[in-house]
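Build the full structure now, drawing on both the sequences and the hints.
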Amino acid sequence: MTTQELKTYSRDEVVKWIIIDAKVYDVSRFKDLHPGGASVFLDEDISGQDATEAFYGLHRHEIITKPQYARLQIGVVEGEKSVIHSRIGGEISKVPYAEPSWLSDGYYSPYYTENHRRFEKAIRAFVDEVVSPDAIAREADGKPPSKSVIEAME
Numbered sequence: 001m002t003t004q005e006l007k008t009y010s011r012d013e014v015v016k017w018i019i020i021d022a023k024v025y026d027v028s029r030f031k032d033l034h035p036g037g038a039s040v041f042l043d044e045d046i047s048g049q050d051a052t053e054a055f056y057g058l059h060r061h062e063i064i065t066k067p068q069y070a071r072l073q074i075g076v077v078e079g080e081k082s083v084i085h086s087r088i089g090g091e092i093s094k095v096p097y098a099e100p101s102w103l104s105d106g107y108y109s110p111y112y113t114e115n116h117r118r119f120e121k122a123i124r125a126f127v128d129e130v131v132s133p134d135a136i137a138r139e140a141d142g143k144p145p146s147k148s149v150i151e152a153m154e
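Residue numbers for the sequence shown follow this note's numbering, so the first one is 1 and each next one is one higher.
All clues stand as given, with none of them false.
Derived PhoX-like pairs: lysine-lysine, alpha-carbon spacing no greater than 20 Å straight-line:
#1 LYS23 to LYS7
#2 LYS31 to LYS66
#3 LYS121 to LYS94
#4 LYS81 to LYS23
#5 LYS66 to LYS23
#6 LYS31 to LYS16
#7 LYS7 to LYS81
Derived from the structure by calculation, the hints contain no laboratory data.
In structure tokens, the structure reads:
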């Protein structure tokens, strides 16, 4: 669903759906396919409630941004704004121990310099912007990597 098609709901209207980060999701078609079973959606703390904490307690943010799950979004909660944002391509994670220590701000090593950090950031940006989108598309259609990706690597 595009942003233009999304409706705005009050919290009282969201009784059969779930809320994740101020976004309303209709999981009725998905609940039987959920790896954890349909019963997780029947919990009174989930159905018709803000399930943000429960969702992020078990899932990474990238899960909800995948097209097959993003299409479940039917609207947003009136007067609320999303506070969880995707990682910026090429950026280093701020989560403790999620990255090698030599990439962390304030880490000094005579072996790992600012040049290494710039190189790492450039590689991450390339993978995030060029390789990953093509890899996802090729996974879906079963074809080999696009010629444009191969040429971009040269």
